[in-house]
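There are 2 protein chains.
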Amino acid sequence: MLALIAGQGRLPGLLAAAMEDSGRAFRVAELEGFPAEGLGGRPTLRFRLEHLGTLLGRLLDEGAREVCLAGAIRRPVIDMSEVDAATGPLVPRIAEALRAGDDGALRAVVAIFEEAGLRVVGAGDIAPGLLMPEGVPTRAQPDARHEGDAQRAAAVLAALAPLDVGQGCVVSGGQVLAIEALPGTDWMLASLAAGHDGPKGGLLMKAPKAGQDRRFDLPAIGVDTVRGAAAAGLDGIVIEAGGVLALNREAILAEADSRGLFLWVRP
Amino acid sequence: MLALIAGQGRLPGLLAAAMEDSGRAFRVAELEGFPAEGLGGRPTLRFRLEHLGTLLGRLLDEGAREVCLAGAIRRPVIDMSEVDAATGPLVPRIAEALRAGDDGALRAVVAIFEEAGLRVVGAGDIAPGLLMPEGVPTRAQPDARHEGDAQRAAAVLAALAPLDVGQGCVVSGGQVLAIEALPGTDWMLASLAAGHDGPKGGLLMKAPKAGQDRRFDLPAIGVDTVRGAAAAGLDGIVIEAGGVLALNREAILAEADSRGLFLWVRP
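Line by line, the protein sequences are chains A and B.
All letters in the first sequence, in the order written, are residues 1 to 267 by UniProt numbering.
All letters in the second sequence, in the order written, are residues 1 to 267 by UniProt numbering.
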């Protein structure tokens, strides 16, 4: 049985649907305060981080052998007065990890699950369709200038990866217009859409951090990303093949085609 | 005689005033399309980039021995049909440099001046008062958390320096909220002020790029920077000692004190 630990957003619902389609047994545990979408009427365990140890025990009792962390869990807080007995021994590790940033928190939770004997699997393992094959499936196609912009964006993201910063970058005409930080992709695109004095056109690149554990917290794009890129005046979106989840492929491509943007799944 | 090549902003006016105070001979040449402030009624040569060669000849004829580039010259364009005879031989270098970004363009212009026998001097040489001494001259003082934020911001800027990106970074509680790109510091702060879901507080760090030629294009702060940082909800501003120009020290400190922000001139 697979335990699907659900954070915020659409990914948990997509993975639950993929599990159902495959006929494999699974159990959804939803973290309070980080509402997942698309779980519909499925029975879910709801848990608090303060009871993580108890949840872990229950999942093991129910026969869980694998676990998948899906959805965003940004800056959770721990109320020490609510920590239960089974979670107490885990608190120092979780607390230290939270101070290290979002990636650190996820790594700590993954390590705790692994030590309990669970195998951690990635969203791409459960729903391979979320990882798009290399190529440009849109009507609009990138040109030579976009190739240069993609190289520059990739270099910026690579430089920042050791600092656990940056899964997105906007480049136009060789100039870096924006670098994604904590407020995220949608915020970055909206800031650009509000107006700036840089060149028009260009692209958004999304890629996982170099060396990132691809079993959890892969960057994702959705229809909103396409709309945001269009509003920011960009020509297209580049995602790293195998490293970025496309949360609704058909809708993403339809949106990109209707707005004349390219989507480039780059090796 | 010193030739002051003026781009946009307040720096050219401040340097012209400093030259007048010192009694040394100087000549201002203002690039069209990049209006300098505070030059008042001083006689200035106005020039276009297409006539750079002619300007250079004239400055040499007038006895120029030194040159200082001051003020922002962002993304200038060259109209090939307007290039004059003396500038024609320089165009390939300028054009290639423009493609390399703002720093590249400045480096090319500096190299052209140097090859003509002019010594390039920095704004800090002309007006040492623009470089503030180490310390925290405001009433508000940074705490241990701000020290951590400053270290993280410095690490981000150092990672990006080889890519000719980033002279500013906002960090709060160890989280990177924003990284300055082409649209500049004021734009970055205004974007944060418009709202984001990251932590409050934190600081703006401004520093020159590692390895940057400190004779031109040093980052600068002014009263607007303090206002922008306050509007973005930050606790203070950190500038690298010797590497960031303070365009009006008294006004900056008064503004910071009135808004409760610290200004930290960090070694």
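Simulated from the structure, these hints should not be mistaken for lab results.
C-beta: ideal position from N, C-alpha, C; glycine also.
Mixed in with the good hints there might be a few duds.
[As the list claims (entries may be wrong)] Across the chosen pairs, the derived CB separations fall in these ranges:
#1 A231(A) / R24(B): 14 to 22 Å
#2 T54(A) / G148(B): 51 to 59 Å
#3 E32(A) / Q141(B): 35 to 43 Å
#4 A231(A) / L60(B): 31 to 39 Å
#5 G148(A) / I78(B): 31 to 39 Å
[Said to hold, decoys possible] Stretch by stretch, here's where chain B covers chain A in the computed footprint (C-beta under 8 Å, at least three residues):
#6 155-165
#7 237-249
Checked hints:
1. A231(A) / R24(B): 14 to 22 Å: Hint violated: Cβ distance 52 Å, outside 14 to 22 Å.
2. T54(A) / G148(B): 51 to 59 Å: violated (33 Å)
3. E32(A) / Q141(B): 35 to 43 Å: holds (39 Å)
4. A231(A) / L60(B): 31 to 39 Å: Hint violated: Cβ distance 50 Å, outside 31 to 39 Å.
5. G148(A) / I78(B): 31 to 39 Å: Given a distance of about 20 Å, which is not inside 31 to 39 Å, the answer is violated.
6. 155-165: This one holds; 7 residues, not fewer than the three required, reach chain B with a Cβ under 8 Å.
7. 237-249: Contact hint for the segment 237-249 of chain A vs chain B: violated, 0 residues under 8 Å.
Of the numbered hints stated above, those contradicted by the structure are hints 1, 2, 4, 5, 7, listed in ascending order.
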